[in-house]
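Student: The task is simple: from the sequences and hints, build the whole structure.
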Amino acid sequence: QVRLVESGGGSVQDGGSLTLSCAASGDTESINVLGWFRELPGDEREFVGRIAWIDDSTEYVGDIEGRFIIYRERDKNTVYLSMISVKPEDTGVYYCGVAPAGSGYIYWGQGTQVTVSS
21 QVRLVESGGG SVQDGGSLTL SCAASGDTES INVLGWFREL PGDEREFVGR
71 IAWIDDSTEY VGDIEGRFII YRERDKNTVY LSMISVKPED TGVYYCGVAP
121 AGSGYIYWGQ GTQVTVSS
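Using this note's numbering, you'd call the opening residue of the sequence shown number 21 and step up by one each time.
There's no promise every hint is true.
Ranges of calculated distance between the beta carbons of each label pair, as one might list FRET restraints [as the list claims (entries may be wrong)]:
| no. | residue 1 | residue 2 | range |
| --- | --- | --- | --- |
| 1 | Glu-59 | Ser-105 | 26 to 32 Å |
| 2 | Gln-21 | Ser-105 | 33 to 39 Å |
| 3 | Glu-109 | Thr-78 | 27 to 33 Å |
| 4 | Gln-21 | Glu-109 | 30 to 36 Å |
| 5 | Glu-49 | Pro-108 | 35 to 41 Å |
| 6 | Ala-121 | Gly-30 | 30 to 36 Å |
| 7 | Phe-67 | Gln-33 | 23 to 29 Å |
| 8 | Glu-109 | Asp-75 | 29 to 35 Å |
| 9 | Gln-130 | Gly-82 | 24 to 30 Å |
| 10 | Ile-126 | Glu-79 | 26 to 32 Å |
| 11 | Leu-60 | Thr-39 | 15 to 21 Å |
Hints were generated in silico from the structure; no laboratory data involved.
Heads up, the beta-carbon is just placed ideally off N, CA and C, and yes, glycines get one too.
Tutor: In structure tokens, the structure reads:
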């Protein structure tokens, strides 16, 4: 089992920056990918981007790339979502999730609120 704890959410002005963190613990050897997702107000959870545990390669949803960067501190088993040039439409609850090899995302953090004000 993998436990995930997000932190770093808060309020930020339009055009500002914010970095979220996701600390993984437990059976981290089983992690295949760690993804970031978000729930915008009134919407379903959507994929933002992910990082592969084996080589730190990253993938982002199209309109996020360039504004959001995902990276990992291996010795801390912590993954970060660095957001720049944030917009009010980025407001929502951000979650990290883990997909073990051969599985979908089955472990989730508790979520952290990001509010971007204009």
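Student: For every hint, state whether the structure bears it out.
Tutor: Hints, verified against the model:
For Glu-59 and Ser-105, the Cβ-Cβ distance of about 21 Å falls outside the hinted range of 26 to 32 Å, so the restraint is violated. At roughly 36 Å, the beta-carbon separation of Gln-21 and Ser-105 lies within the given 33 to 39 Å, and the hint holds. Separation of Glu-109 from Thr-78 is about 22 Å and departs from the stated range, judged on CB atoms against 27 to 33 Å. At about 34 Å, the CB distance of Gln-21 to Glu-109 agrees with the hint of 30 to 36 Å.
The beta-carbon spacing between Glu-49 and Pro-108, approximately 40 Å, falls within the hinted interval of 35 to 41 Å. Between Ala-121 and Gly-30 the C-beta distance comes to about 34 Å, which sits within the given range of 30 to 36 Å. Distance hint check for Phe-67 and Gln-33: the Cβ-Cβ separation is about 26 Å, which falls inside the suggested range of 23 to 29 Å. In this structure, Glu-109 and Asp-75 meet the distance hint of 29 to 35 Å, their C-beta atoms being roughly 32 Å apart.
Against the hinted window of 24 to 30 Å, the Cβ-Cβ separation of Gln-130 and Gly-82 comes to about 28 Å, which satisfies the hint. About 19 Å separates the C-beta atoms of Ile-126 and Glu-79, a value inconsistent with the hinted range of 26 to 32 Å. Distance hint check for Leu-60 and Thr-39: the Cβ-Cβ separation is about 19 Å, which falls inside the suggested range of 15 to 21 Å.
In terms of the numbered hints stated before, the structure departs from hints 1, 3 and 10, listed from lowest to highest.
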